[in-house]
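Q: If you read the protein sequences in the order shown, they are chains A and B.
Each residue of the first sequence is one higher than the one before, counting from 6 in our numbering.
Each residue of the second sequence is one higher than the one before, counting from 317 in our numbering.
Since the hints were derived computationally from the structure, they do not count as laboratory data.
It cannot be assumed that every hint is accurate.
[Unchecked claim] Anything over 12 Å on all C-beta distances counts as not near chain B; from chain A, calculated: (1) Glu21; (2) Asn28; (3) Thr57; (4) Ala70; (5) Val90.
[Said to hold, decoys possible] On the chain B side, residues computed to face chain A include the following (Cβ under 8 Å): (6) Leu406; (7) Gly420; (8) Gly422.
These numbers come from a predicted model, not from an experiment.
Quick reminder that beta carbons are idealized off the backbone N, C-alpha and C, glycines included.
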Amino acid sequence: DAKTTQPNSMESNEEEPVHLPCNHSTISGTDYIHWYRQLPSQGPEYVIHGLTSNVNNRMASLAIAEDRKSSTLILHRATLRDAAVYYCILRDDQTGANNLFFGTGTRLTVIP
Amino acid sequence: KAGVTQTPRYLIKTRGQQVTLSCSPISGHRSVSWYQQTPGQGLQFLFEYFSETQRNKGNFPGRFSGRQFSNSRSEMNVSTLELGDSALYLCASSSYQDFEQFFGPGTRLTVL
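Just chain B, same shape as in the assembly (with noise of 0.2 Å):
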């Protein structure tokens, strides 16, 4: 069973564009949260996705926005990007109710 995979692995962007990360989950996985990750800040959840509506939110700004389609697949966008935005920005799938969040390895976002 393939793991859950995170595109693109690694990305590079200038202060006030915007950017989209993708999420593929595990086949069967109907939610899809992720996570944002800082030196500072740690491990801090951003959303929830399942079958397609946002079940849970962060304390995030509203430039931080995600959607699921019918797949499963998530993607998440940041608009207006700022310094603090450099992180690891990391997916987590499970299936229904299930107790075990399956990671992916991460999307290393740097804003210069």
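The shape of chain A in the complex, shown without the other chains (with noise of 0.2 Å):
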């Protein structure tokens, strides 16, 4: 599986941007980049998917590099509910197979 790599914590000023970094160098043809985000004391949410083109849903938004050896999940204004671990996963979606592989992910912390 192609691994990821993200910084292992990140701060930020409640309402201001965050650019949550991912970088994924070995990243094939055929995957799909994907974000979920794990509250405290809860399980995973998904957050938004890509594949080249930058996304935007009503969570966030997420910038794929032109060669996609990266990526940046952008949340517009943080909120103290947006306090969690950001995990970027990359997932052979044509297979569609569900064996997420979650790395370390990024623990944000939203100061008010």
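Two chains, two frames, a set of hints: combine them into the complex.
A: Structural data, given as structure tokens:
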């Protein structure tokens, strides 16, 4: 499985934008980039995913580098509820296999 | 729509015993994946079941097994429990080739 590298932790002030980076230099052509987050005492929840183009949804934006070797999850205005561990995951969506490799993730602390 | 439910939520066992955990997926979802989360190893994939067949398997010993029933409910079993099996066990469901997995709240297993 292709692996991802993320910083262990990041901090952000409340209501400011947050950019969470992820490196995936060994990504294959069929790998999609998925982001999940895990709030304290909860199971992970899906945030966003993309293949090549930048993606936006109600939760966040995903910016993907042109060579696809890195990506950035963008939270436009961090709230206290966004404090969580964020996981960047590569998944071959063509196979439909649901065996996600989570890695260590980035623990985001939001400062009031 | 009801979410993924897991029972029991908490469990205490002693070394050498066996345990069975249950997962009820979201209605209509046919894929169920199981994950183990520990402070040391993070979130690790155990196995995935789709239409009552094991479709993928992680790198865990044979003491960890699972099955899926015709109504898509799934169980996982751990035999001959070890102290290191203490963990949060999460299950996730998804529809056929869906990109998003929906996680349950987990079962917290403590082995004494």
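Q: All hints are to be evaluated individually against the structure, with a verdict given for each.
A: Consistency of the hints with the structure:
no., hint, in the structure
1, Glu21, "holds, 28 Å"
2, Asn28, "holds, 18 Å"
3, Thr57, "holds, 15 Å"
4, Ala70, "holds, 20 Å"
5, Val90, "violated, 9 Å"
6, Leu406, "holds, 5 Å"
7, Gly420, "holds, 6 Å"
8, Gly422, "holds, 6 Å"
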